[in-house]
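Residue 0 is where the sequence shown starts when you use numbering that gives the first Met the number 0, and the numbers rise one by one after that.
Bear in mind the hints are in silico, worked out from the structure with no lab data behind them.
Treat the hints with care, since some could be wrong.
Said to hold, decoys possible - Subject to a maximum C-alpha distance of 30 Å in a straight line, what follows is the list of computed BS3-like cross-link-like pairs (lysine-lysine):
(1) K231 - K42
(2) K42 - K96
(3) K76 - K96
Predicted, not measured: the structure shown is a model, and the values here were computed from it.
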Amino acid sequence: MARIAIIGGGPAGLAAAFCLAASGIEFRLFEAGRALEERHHDKASELGCGIGGAGLFSDGKFSFHPSGSHLYRLRDKDRLWTAYDRICALLDGVGIKVPVTQGPAGGDFVWTGDPITTKDYPSSYGTLEQRAELIAALSRDYRAWIETGTSVERVRRNGAGYTVRSRREGGSAREDDFSHVVVATGRFGPQAIADLMPELAPTAELRYEFGIRIEHPNHVGFLNAVDRPDVKYIINALDTEVRTFCTCRNGEVWLIPYNGPSALSGRSDGPPSGYSNFGLLARFCGETVDKGRRLWRQYQQALAQSESALWQPLPAFLDGGAAGTPALDGRPWHPRAEFRRGDIAAMLPEELHAILSGSLRLLVDQYPDLYSPETVCLFPAIEGVGAFPLNDLNLKGPAENIWFCGDAVGRFRGLIPALVSGGYAAAAVCAAIAGDEPAAAVQQSETKIAAE
């Protein structure tokens, strides 16, 4: 009898469970954090985990096709667009605007600008209340099948299926048997894969993506000048791709502990703060992955030295010296005691500082009002840290009956790709149960392609 384990209760895991519940297939969803109604908006320890995942308390942007372009390369297009349409219907039901899409027949990015390239695609903003309604709509029909406050410690093969060892907070371990597993552990989840699923989920280096966040008053910079929910710039600095990421108007910056390193995240779901922020991340993949690995190791050393979040005025980060100290008492940084002034420029690897400062200078050339002591660089910002589990163009791993979805896949990220890939992975599980699965040779070939 089919029985599915879903590991992770963020957007991807919930979308997978939503699809399985509609199919009448038994499953159990394991989530280490709290239930939706028990999560606290003002506790850093609860912002990165719990039902709804980090996506519940976030920048609030839903970026639609073709954003997350690797998602739309998945093999079964009927399955993909069925999952996409199902999620769009849920979004529409909670009042989040869904743009008209050209679907599989079109929808190229709009690329504009030089030397800064704009990657343009349709996006909408969802309020915190709308996001909570979405998470509730995804999970209300199977609440009894959700195990919150429960960490998965190990997945091991057991005959034709798998035994999952889990532990409730403060409790003893228990073991349950499942026929299939869906892994939806989020962006830092892959770092624990080796311990969680030894020999079942081999990994490959896909990308390293890390850098700093920038915060400035609302009335300056591109977040003031450009009228789009999601502003994605791609900058070439010293032959390295640098991207703006997670742009937040009138937002806050939080230092959030994940199941890995603590990292800064932007949010736009509180009262207007008067400040905007965005991530500025160097991205290393493909031919530059070796450089990314080397710089990431040095970046980790800086993390160990900092012991907290650091801030530095942008002029000092770019040009050194003692820049004037802005009035920071009212800055929307949380938890406030975790932020202190530091020389981020000196702490970063010299090569990484050159890459980030080069990209910042190009932004300042385009938006000169960014160059001010009121504009502050913040450390650390981390999005991707190397190895991700191998999976094919059907999101299936090399081990029998294990699938991956959401940010854990490593080839796409964001709320819409997480939600759609969760539905896709669950539909793939249903197809496997029905005996409709690609031949092993096809899967092995696609796994190699997906990892490249």
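Against the structure, the hints:
1. K231 - K42: Within the cut-off at roughly 29 Å; holds.
2. K42 - K96: Answer holds: K42 to K96 is near 29 Å, not above 30 Å.
3. K76 - K96: holds, 24 Å
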